[in-house]
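If you're matching them up, the sequences are chains A and B in order. The numbers in this note's numbering rise by one with no breaks, and the one at position 111 of the first sequence is 96. The numbers in this note's numbering rise by one with no breaks, and the one at position 188 of the second sequence is 189.
Do not take every clue at face value.
[What the hints assert, rightly or not] Quick list of the computed label-pair ranges, beta carbon to beta carbon: (1) B:Leu35 x A:Asp163: 37 to 47 Å; (2) B:Pro186 x A:Asp110: 31 to 41 Å; (3) A:Thr16 x B:Gly141: 54 to 64 Å; (4) A:Pro94 x B:Thr130: 23 to 33 Å; (5) A:Arg45 x B:Thr130: 24 to 34 Å; (6) B:Arg244 x A:Asp57: 49 to 59 Å; (7) B:Leu121 x A:Arg45: 48 to 58 Å.
Hint data in this document are derived by calculation from the structure and do not stem from the laboratory. Just so it is clear, CB atoms sit at the ideal spot from N, CA and C, and this is done for glycine as well.
These are the residues of each chain, in order.
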Amino acid sequence: MDATDQAVVVQATGVTRRFGSTVALDDVSLTVRQGELVGLLGPNGAGKTTLLSLVTGLRRPDSGEVRLFGGDPRRPENRAQLGTTPQETGLPATLTVGEVIDFVGGHYPAPMTRAEVLERFGLTDLARRQTGGLSGGQKRRLAVALAMVGRPRLVLLDEPTTGLDVEGRNVLWQALRDYHADGATVLLTSHYLQEIEALAERVVVIDRGTVLADDTLAAVIARVAMRRVTVTLPGAQAASVRALPGVVGVEQAEPGAPFQLLVADADELVRALVRSDLTFHDLEVRSASLEEAFLALTERSATEATR
Amino acid sequence: MTTLQLAVLHTRYQILETVRVPIAVIGNMMFPALAMFFFVVPQPEVAGDPTAATAAVGQLAMFAVMSTCMFTFGVGAAEDRALPFDPYVRTLPAGPAPRMIGRMLTGGFFALLGLIPLLLIGWLFTDATVTGTQFLAAAGVIIAVALPFLGLGIGIGYSMSAKAAIAVVQVILFPMAFAGGLFMPPEIFPGWLDAFSQALPSRAGRDLLVQAVTDQTAGAYAVPVLLGWGVLFTAFALWAYRRDEGRRFR
């Protein structure tokens, strides 16, 4: 299936949104087509939630344009095929699970039945419970279920499995894959690489309000999967360390202290270190956190821009 | 989904949410009834005088409606806006109208419910009396005089946080009720206060309501004063609703 043949579901063009002096989104463009499963990946505060709030019509961009199914998302009729989920589990505490499902379903022309929703999300036993009495994981499952109650063609999920245990997470992931397999478009945000890896086909990396990468899952994984290497190099200068193969970032607290290196290929770096004349000791290699990988990506895009 | 269907849906669930917290409903019903019982019933010169007693019921009914409008729409809307469920509801395919209509019907329903004990006490323990025509006229007037306060409540609810809204509602509600002659009849006001009072929407509403149930006539300014405030508060409500984008981030 060639995605470019499909109808455009979400179209953001040159979107900028500020909050006071903070620029949450800076000239962001994004196109999502029918049937895609797109992951928006970025650290907290990157602008993911702001972008979603523009797509759902909760906020207006300061400049640029956002189209949802070709129309203005601030108009209710353009949201008839949209399903979302609250980021926090703030459900009306005094209503029961079944009542909340019926309330949300009542907004859509052909919603799932209460029984179907309960079944799909493993909530059948909880139908008569007030949402205030549910556990965190149960609330989360209900919140995600609400996004699909109206059988929308586009589902937006903001951090869908935050705070869930492994089993709860797998139930939700499976429900999302099933829903996507039925032909729906899914756009989800996460700051967990693992979640994006498990679900998304296409990944958009966003940080400090700009899109850093927009590619297939495999291509993005290759870019952000980095190693952090700690090594003491007596007498070495930062510049010569930076010139070693695969080094993306170099940090040193003070002269003589161990270097903190961020590298794309740790094996290659170690081979180069051995071949070089540099004396080294206390070598340590571990996986870089997603946060570190993002920082490296931003630094790299900043230096590329100045070149 | 038509706006009407959605308004019915929102009303049903808002009433359901409210009745699940019975104390909120009972509290709403108690205040005007208790005020009647403690401040009007023990005074024979008021309770024993059909006109004064009926006017007292009208005044407290006006207060109950004003209070419901400002608490339900002012504080209630501000509290709802702070809940994470509110921005979620705003992403559903429904405009602001169904929620607003739902809120108005819910507020109206509980305001009328709150009048029942007040009317019962007035009927059983005082010489307050109305004819069927007067009762129907009063029902119409009370809805009309509620509208400006609805606008004020919505304006407050959508322009500030819940904590600020509680403070502002209390600061406005009680002085405006007192100066509007809802706790003490304006006949005993000094001249300057009576003149000031005539410019208030609470006084205008009170006078029109009392006119509907007794032979006291409202001043010529009551209707224009009420309309003027109504226009102002409606503009305030629209402005506040439009500028609101959920919680503010700075």
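For each hint, the structure was consulted:
1. At roughly 57 Å, the beta carbons of Leu35 (chain B) and Asp163 (chain A) sit outside the given window of 37 to 47 Å.
2. Remark: the range hint 31 to 41 Å for Pro186 (chain B) to Asp110 (chain A) is contradicted by a beta-carbon distance near 60 Å.
3. Evaluation of the 54 to 64 Å hint for Thr16 (chain A) and Gly141 (chain B) yields a pass: the beta carbon distance comes to about 56 Å.
4. Look at Pro94 (chain A) against Thr130 (chain B): about 53 Å separates their beta carbons, and that is not inside 23 to 33 Å.
5. For the pair Arg45 (chain A) and Thr130 (chain B), the beta carbons lie near 56 Å from each other, so the given range of 24 to 34 Å is not met.
6. For Arg244 (chain B) and Asp57 (chain A), the Cβ-Cβ distance of about 18 Å falls outside the hinted range of 49 to 59 Å, so the restraint is violated.
7. Separation of Leu121 (chain B) from Arg45 (chain A) is about 50 Å and conforms to the stated range, judged on CB atoms against 48 to 58 Å.
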